[in-house]
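**Q** Chains Y and W, in that order, are what the protein sequence lines are. Under my numbering, the first residue of the first sequence is numbered 1, with each subsequent residue one higher. Under my numbering, the first residue of the second sequence is numbered 1, with each subsequent residue one higher.
Take these hints with a grain of salt, some might be off.
For each label pair, taking beta carbons as the anchor points, the in silico distance ranges come out as [claimed, not checked]:
#	chain 1	residue 1	chain 2	residue 2	range
1	W	D108	Y	K13	46 to 52 Å
2	W	M118	Y	R34	49 to 55 Å
3	W	F117	Y	K13	44 to 50 Å
4	W	L63	Y	G16	35 to 41 Å
5	W	R44	Y	S17	43 to 49 Å
Honestly, the hints are just simulated from the structure, not real lab data. All C-beta atoms in this analysis are idealised placements derived from N, C-alpha and C, irrespective of residue type, glycine included.
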Amino acid sequence: MSTRILPLELIDKAIGSKIWILMRGETEIVGTLRGFDDYVNLVLDDAVEYSPDARNPGEICKTELESEILLNGNHVTVLIPGSGPEDSLAASS
Amino acid sequence: LCEQVQVLPTLSICCIIMSNQNRKAPHKKESILELNKLIDSKCRVKCLGGRELVGTLRGYDELVNLVLDDADEFLRDPEDHNKITDKKRKLGLVVVRGTQVSLVSPEDGLEEIANPFMASEEEME
Numbered sequence: 001m002s003t004r005i006l007p008l009e010l011i012d013k014a015i016g017s018k019i020w021i022l023m024r025g026e027t028e029i030v031g032t033l034r035g036f037d038d039y040v041n042l043v044l045d046d047a048v049e050y051s052p053d054a055r056n057p058g059e060i061c062k063t064e065l066e067s068e069i070l071l072n073g074n075h076v077t078v079l080i081p082g083s084g085p086e087d088s089l090a091a092s093s
Numbered sequence: 001l002c003e004q005v006q007v008l009p010t011l012s013i014c015c016i017i018m019s020n021q022n023r024k025a026p027h028k029k030e031s032i033l034e035l036n037k038l039i040d041s042k043c044r045v046k047c048l049g050g051r052e053l054v055g056t057l058r059g060y061d062e063l064v065n066l067v068l069d070d071a072d073e074f075l076r077d078p079e080d081h082n083k084i085t086d087k088k089r090k091l092g093l094v095v096v097r098g099t100q101v102s103l104v105s106p107e108d109g110l111e112e113i114a115n116p117f118m119a120s121e122e123e124m125e
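Isolated chain Y (complex conformation) (with noise of 0.2 Å):
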């Protein structure tokens, strides 16, 4: 392939779909992108936080944030468009 895909690229066409968001430490959250910035903070609608358990190690904890959410730009490590596959924490929990 000679083209090259510009990194904001790729997450301007994951607008209006489903992303997975991996966080600096070991939390992931997945939800429907509604818009983002120069800072890749994101808006993200329907956002579903997993975390590990503080209470219960080795345990994933799944926490369901109703509204639309502003995530934080500065701990986001790696988007990956679509919800995610089998081996996602998502799947795990």
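Keeping the supplied structure of chain Y fixed, place chain W upon it in accordance with the hints.
**A** Using the frame of chain Y, we list chain W on its own:
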């Protein structure tokens, strides 16, 4: 006037010179990391916070945001997040944030060797 020039710290003089040059020359996208050489080849990306990914580099920008295809994430030891295991999980087509990238290297031409520092420690004892 000479006395005034001596008082100015060297750093600010350099900045003035550099900004003058930029106005004359057209803006050139310059990175010390030549990612165009790694396009379409397998790359290992280490992130701040310990995540490690391997995938085919499909695109990048000047801020080192990356597009990796068929990316796999290497999973870390659940007890000790600093230990990396051989287990992987498939991620697919991903964007890696440049602000979180600590290392990008080609996967081909990499091999793991025995720890050379351990051997010299034994010799000393």
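**Q** Take the hints in turn and mark each one as holding or not.
**A** Verification of the hints:
1. Take D108(W) and K13(Y): their Cβ atoms lie about 29 Å apart, and the range 46 to 52 Å is violated.
2. Hint check: M118(W) to R34(Y), Cβ distance near 52 Å, so the stated range 49 to 55 Å holds.
3. With their beta carbons about 46 Å apart, F117(W) and K13(Y) fall inside the hinted range of 44 to 50 Å.
4. Our hint of 35 to 41 Å for L63(W) and G16(Y) is violated, since their Cβ atoms are close to 24 Å apart.
5. Between R44(W) and S17(Y) the beta carbons are some 28 Å apart, a value that contradicts the proposed interval 43 to 49 Å.
Hint compliance for this structure: hints 1, 4 and 5 are broken, all remaining hints hold.
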